[in-house]
Every structure is written in C-alpha cells, then in structure tokens.
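*Asks:* The primary structure of each chain is shown beneath.
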Amino acid sequence: MNISLAAEAIFHIKTFPVTNTLIMALLVALFLFFITFLLHKKLKEVPTGLQNIIETIFERLMDFMDNITQNRSKTIIFFPLVATIFLFVILSNWIEIIPGLGTIGFYEIHHGKEVLVPFIRSASADLNVTLAIALVSVLGTQVFGVVMIGFVKHMKKYVSKNPIYSFVGILEIFAELAKIISFSFRLFGNIFAGEVLLLVVTFLVPYIAPLPFMFLEIFVGFIQALIFATLTLVFLTMASTEMAH
Amino acid sequence: MELIEKLGIDWRLIIAQMVNFLILLAVLYKFLYKPVLKMLTDRTKKIEQGIKDAERIKDELVKAETQKEQKILAAKKEAESIVLSAQKVAEENRQKYLAQTKKEAQEVVDKAKVQIANEKEKMIKEVRADVSDMVAMATNKVLEDVVDEEVDKKVVEHTISKL
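As you go down the protein sequences, you meet chains F and L in turn.
This note's numbering puts the first residue of the first sequence at 1, with every later residue one more than the last.
This note's numbering puts the first residue of the second sequence at 1, with every later residue one more than the last.
Be aware that a few hints might be false.
Below, a list of computed lysine-lysine pairs in the DSSO-like style, where the Cα atoms sit at most 27 Å apart [as the list claims (entries may be wrong)]:
no., chain 1, residue 1, chain 2, residue 2
1, L, Lys58, F, Lys74
2, F, Lys161, L, Lys46
3, L, Lys58, L, Lys46
Listed next, the stretches of chain F that the computed footprint assigns to chain L, with coverage defined by at least 3 CB atoms under 8 Å from CB atoms of chain L [claimed, not checked]:
no., segment
4, 189-199
5, 225-237
Stretches of chain L that chain F covers, calculated by requiring three or more beta carbons in the stretch to come under 8 Å of a beta carbon on chain F [claimed, not checked]:
no., segment
6, 13-26
7, 153-162
If you are wondering where the hints come from, they were derived from the structure by calculation, not from laboratory data.
Cβ coordinates follow ideal geometry from the N, Cα and C atoms, glycine included.
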C-alpha cells in the first residue's frame with residue numbers, strides 16, 4: 001500500500017504531468033456536460049424525470065442561498081458560481097466511493113521503488129484541484145465585488161487614507177490569502193483523509209467493515225461541498241455589500 | 001519548496017484545473033443554469049398569475065352569486081307586490097261590481113214595486129168602476145122607474161166612495 005500526498009501522474013505530455021486527479025476532474029466535468037446535454041434537449045414547461053431532480057436540487061440550493069444573501073436577485077446572480085462549485089466539489093468528493101479507489105492502477109518504478117499508480121483518486125484529494133477552485137472562488141469574489149459595488153468602493157476595503165483603515169486593509173489582503181489556504185487545505189485534508197481511511201479499512205477488513213466509513217464519506221463529501229459553496233457565497237455576499245464606515 | 005513538491009503543487013496543474021473549472025462554469029451557465037432558472041421563474045410567474053386569476057374568478061363568482069340572489073330577491077318582491085296590487089284591484093272591482101249589482105237589483109225591485117202599485121191602483125180603479133156600474137145596474141133594476149138615472153148614478157157613486 002502506497003499513500004502519496006501528491007496526485008500521481010499517469011503519463012506526461014512533454015513535461016506536463018497528466019495526473020489521475022486531472023482525468024477525474026475532466027470526467028466530473030464530462031458527467032456534468034452529459035447531464036446538461038440530456039436536460040437541455042428536453043427542457044419542458046411541465047417537468048419530468050431528470051428535470052424534476054435538477055429543479056429540486058436547484059430550488060433547494062436557491063432557498064438555502066436565500067438564507068445567506070437575504071435577497072433573491074443576489075441569489076440568482078451568485079447561483080451559477082456557487083452551484084458549479086457545489087456540484088463539482090460534491091462529485092469530486094464522491095469519486096472516493098467508486099470501487100477500485102487507490103487499488104486499480106499500474107506499477108511504476110519511482111525513486112528506485114515499485115509503487116502503484118492508481119487510476120481512481122478523488123479530484124478533491126489533490127491540492128492542485130482544491131487550490132484551483134479556491135482561487136476561482138476568491139478571484140470570483142473580487143470580480144463580483146468590483147462589478148456589484150464599483151471598483152473604487154471595492155478597493156476602499158483594502159486601501160484607505162485613514163491609517164487605521166489602511167491597516168485593516170492590509171489585514172483584509174492577508175485574509176484573502178488565508179481564505180485560499182483555508183479553502184484548499186480544508187477540502188483537501190478532509191477528502192484525502194477520507195481516501196486514506198477507506199483505503200486502510202478496506203486493506204484491513206475487506207468485507208462489510210468499510211461500509212459505515214463509505215456512508216460517512218458520502219456524508220463528509222456532501223458537507224465539504226456545502227461548506228465550500230456556502231463560504232464562497234458568504235464571501236460573495238460580503239463583497240457585494242458596501243462597507244459601512 | 002520541499003513541502004510544495006511533497007504536496008504535488010504544480011502551477012501548470014492549477015491553471016489546467018482552473019481552466020477546466022471555468023469552462024465547466026461557462027457551459028453549465030449557458031446550457032443548464034440559465035434555461036432552468038428561466039423556466040423556474042417563468043413557471044413561478046405563471047403559477048402566480050394562475051392563482052391571481054383563480055382568485056379573481058372566485059371573487060367574480062361570489063359577486064355574481066350575490067347579484068343573482070339580489071335579483072331573485074328583487075324579482076320576488078316585485079312579484080309579491082304585483083300579486084298584492086292585483087288582489088287589491090280584484091277586491092276593488094268585486095266591491096264595485098257588487099255595489100253596482102246591488103243597485104241594479106234595487107232599481108229593478110223598485111221599478112217592479114212601482115209597477116205593481118200602479119197596476120193595483122189601476123185594478124182598484126177598474127174594479128171600482130165595474131162595481132159602481134154593476135151596483136148602478138142592480139140598483140137600477142131594483143129602483144127601476146122610481147128614480148131617474150141621474151140620481152141613481154149619484155147615489156151609487158156616493159155609496160161606493162163610502163165603501
């Protein structure tokens with residue numbers, strides 16, 4: 001059994017490593033494209049089947065978002081980013097439930113040792129993925145802040161003539177950086193730990209015993225996706241509100 | 001640096017994942033969120049409109065119902081008044097005709113009485129005349145040759161008027 005913090009490269013295009021998580025992320029995206037394609041073809045006034053499921057998810061999500069934004073129009077503006085983060089992260093997390101996680105792969109000589117390179121690895125169990133989404137989230141917050149309250153007002157949060165506020169502004173800049181770190185490491189840590197847990201439990205007791213942990217991981221995957229999306233929404237809401245001073 | 005290598009952080013992968021995510025966001029926005037949200041808001045509007053319409057129709061129904069009842073009530077009242085007035089007119093007419101009939105009957109009776117009285121008088125007169133004639137004749141027969149006719153007649157008439 002080999003546990004690697006970093007995602008394993010399956011092959012290289014010149015020097016660019018195509019990791020298993022990159023492939024998984026692409027598969028998640030393809031899955032969502034597929035759903036979209038299926039739905040887009042037969043979107044109807046009176047919903048049936050798949051459309052019902054999607055509409056229910058959307059409505060629940062919007063109601064939940066309304067609680068945070070307190071404003072339906074804001075919810076609709078933020079919905080695409082938040083929903084995409086939620087859907088992408090939850091599907092990335094749930095990859096770890098797929099049988100064959102961390103076990104199906106090929107052997108490779110690495111640093112003089114023979115190690116397994118698994119094909120399946122949760123996209124969220126790679127810091128590159130979580131960092132990418134965290135960056136999108138934080139940069140998105142900045143963009144929405146500028147678009148919704150104006151560049152000057154948005155920048156006042158970071159730069160000010162008043163010495164106290166300019167100090168606060170510096171703290172705000174560090175807070176933005178901290179957000180990226182906390183976003184990415186929280187998700188990565190949870191899902192990576194989940195993967196390791198499932199791997200170890202499966203290794204120790206292959207039958208029945210991993211089941212409770214699988215349910216736990218389904219729950220953790222949902223919660224982490226919800227946290228990621230909710231925090232993004234909270235930051236978006238804060239960025240779209242003018243500072244009161 | 002070692003930590004970054006251990007964690008497998010690679011800026012090229014980060015960029016790749018970000019691009020991947022942004023494409024996903026764009027595609028989902030265009031083909032999933034926009035149409036579905038539009039459909040949801042459209043449906044909400046439609047349902048709201050439907051509920052509003054239903055309420056309006058209900059209100060109108062209630063209004064129509066009350067109007068109907070009012071009309072029925074008014075019609076009933078009118079009918080009642082018509083019947084009442086008809087009864088009144090009928091009663092008046094009856095009284096009128098009754099009175100007229102009574103009057104006519106009275107007239108007829110009066111006329112008849114008058115006629116009867118007349119007839120009686122005439123008869124009495126005739127009878128008197130006849131009786132006086134007969135008495136005169138009888139007296140004449142009895143007192144023939146004793147008294148002349150003139151005296152005789154006077155006597156008879158005198159006697160009869162005393163009767």
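*Asks:* Taking the hints in turn, state whether each one holds.
*Replies:* Structure-based check of all given hints:
1. Only pairs whose Cα atoms come within 27 Å are accepted, and L/Lys58 paired with F/Lys74 is rejected, the gap being roughly 36 Å.
2. The suggested pairing of F/Lys161 with L/Lys46 is violated, with an alpha-carbon distance near 52 Å, which exceeds 27 Å.
3. Our distance criterion of 27 Å between C-alpha atoms is met by L/Lys58 and L/Lys46, whose separation comes to about 18 Å.
4. Interface restraint, the segment 189-199 of chain F with chain L: violated (0 residues with C-beta to C-beta distance below 8 Å; minimum three).
5. Given a C-beta distance limit of less than 8 Å, the hint that chain L covers the segment 225-237 of chain F is violated, as 0 residues qualify and 3 are needed.
6. Proximity of the segment 13-26 of chain L to chain F, defined as three or more residues with a beta carbon under 8 Å from a beta carbon of that chain, is established by the 12 residues found.
7. For a cut-off of 8 Å, the count of residues in the segment 153-162 of chain L with a CB near a CB of chain F stands at 0, and the three-residue condition is violated.
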